[in-house]
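Enquirer: So you can see what is in the structure, the chains are spelled out below.
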Amino acid sequence: MDERRADQRWRTAVLAVGGLLIAIAIIGVAGIVINRNIHHTVEEAIAFDVELEDRGDDLRVAILEVRHYHRDLLLNNPDATRVELWRGRYQLMIEEIDAVDRLLSRRPGDADLPDVRALRSLAEAYYADFTDALANDITDRDAFQEVAEDLLVPINEMEAIAIAVDRAGEIRAAAAFQAIDDASATGTLVLIGVIAGLGAMGAVLAFAVLRLVQDQRRLVAAEQAAAAQMAETSRAKTDFIADASHELRTPLTVLRGNAEVGLAIDDDCAHAEILSEIVAESARMSRLVDDLLFLARSDVSSVPLDLRDVEAGALLDELAGRAEVLARERGASLEARIHGAGGLRADPDRVEQAVLILVDNAAKYGPSGGTVQLEATVADGSLVVEVRDRGPGIPSEQIDRIFERFYRADGNGRERSSGGVGLGLSIAAAIAEGHGGRIEASHRDGGGTVMRMTLPLRTAAAPVEHPA
Amino acid sequence: MSASILVVEDDAGIRRVVDRGLRLAGHELVFAEDLASARARWRDDGFDLVLLDVMLPDGDGIELLAERRAAGDATPVVLLSAREEAELRERASAAGATAYLPKPFAYGELLACVEALAGGQA
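Quick mapping for you: the protein sequence lines, in order, are chains A and B.
Start counting the first sequence at 1; every next residue gets the next number (the numbering used here).
Start counting the second sequence at 1; every next residue gets the next number (the numbering used here).
Just so you know, the hints here were simulated from the structure itself, not pulled from any lab data.
Just so we're clear, the structure is a prediction, and the values are computed from it rather than from any experiment.
Treat each hint with caution, since some may be false.
Example chain B residues on the side facing chain A (calculated, C-beta under 10 Å, incomplete) [as the list claims (entries may be wrong)]:
hint, residue
1, 21
2, 25
3, 39
4, 41
5, 43
6, 100
7, 111
8, 113
Heads up, the beta-carbon is just placed ideally off N, CA and C, and yes, glycines get one too.
Could you put together the complete structure from these sequences and hints?
Expert: Below you can see the structure in the form of structure tokens.
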């Protein structure tokens, strides 16, 4: 349920991120398009419409100049200097007409543009007429003035055309600027829209991420609570085992004591054997309680060890003697090869207990009258103690679990009557771990089991105290 | 060699087995089930030896021991306890315990302890 919700949030977040990327791409494309549109419109306006307006203006000024010098000739004595001045202005006007003509030829199809060819023919006719008048009638003052007055009419017509050109440019430029305004307004609108969309998607993303973070935090908190709960349960269990073990000690004292007192009263009666058995079983139960307490303590804290500096060789030699006795009691023989030497920081009693547990197991589960091998070597700065048997071996699927508390390999003849409830290996493992080492079980070539205990040797060449 | 022994123990089973075992060895026993009655018996009657349980219904046996030692009582005291933490042993010896016998103890251990500490008093 929670997982599905978290899934949905992830999907929302991914969609929001995807949406943002797409929106950014759209903004980019829209920006480019709008920019190009504005650029094109501006180019168009400046390149043609505004220039047309300018040219129209210039043309009109040039025509007015021609009229000015035309009047000058009309009112004053038309001498050569004045005629040259007029001709010069006429040439300038023609140049302006050429310029407008060139400009208009770039837009041959536009209907709103005035016809400059009419202007040119008007100008050429005017020039021809006025030049004739200047040549012929210059002496006849009245006749010349009459022609000159008449020729003001085409000049005015030309001016009207120039004004039309100017007006057309003005109108077109205004339209172009309107188009620029429109394009930029559209662009602004599009951008505002995209930015709003971006903001919305950002908000969705932020919300989704926020919820995800909240979910994760809740999940972590739940996990921590569960872990704390588990630790508490485990501690409670361990405490219970410790308490129960302590409680067992008092009735055990009574049980054993009564049997022993019974034997002290008469050890030759019919009940003597029964009482002896009660004593033996009470003793066994006492050891079991000790083991339970040891495991319970090594569960909650570090293994209770009495660490001392000891010499491995001496410890193992002594240990091998005890192991041999133990194996013999179990109806097996021990083959010891002790090559281990070096300083150990260890609790010798606990190390001995661990090795004896391994030897005891090997002797118990090996074939009757079989041989248990005990070999000690030094490898990689560690003391390696191996105990090998020719027993039925441990099934592969169980080999990693046999060191767990109260675990007991099944289906291979290991029965309750052979002693212990699976505490031995757990204790041995706890002891090895308490020394910074470990115990591993593996299959022995040719059948059986190899138990390998590894204990780190002291690296420093500190003085070694030989156990007495 | 009979000794008079005060046994302070709240568990009836332990009281009975100690009674049987030590009476068989010829000792005289007085029992107390809690701290209050133990305190009265100990103060009023002299004993050759006291067997003192640590956890009693109305308090801690070690406190009674400390009390008696403070009053100048030098009677040998054997503490009995199902707990064997180092901290408890330290408290016991600091309070002036003569010996510490962890439960479960064997009859032989109890007897040896009693003979060693109370034997000379007989």
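Enquirer: It remains to establish, for every hint, whether it holds in the given structure.
Expert: Evaluated hints:
| no. | hint | result |
| --- | --- | --- |
| 1 | 21 | holds, 5 Å |
| 2 | 25 | holds, 8 Å |
| 3 | 39 | violated, 23 Å |
| 4 | 41 | violated, 22 Å |
| 5 | 43 | violated, 27 Å |
| 6 | 100 | violated, 14 Å |
| 7 | 111 | holds, 8 Å |
| 8 | 113 | violated, 13 Å |
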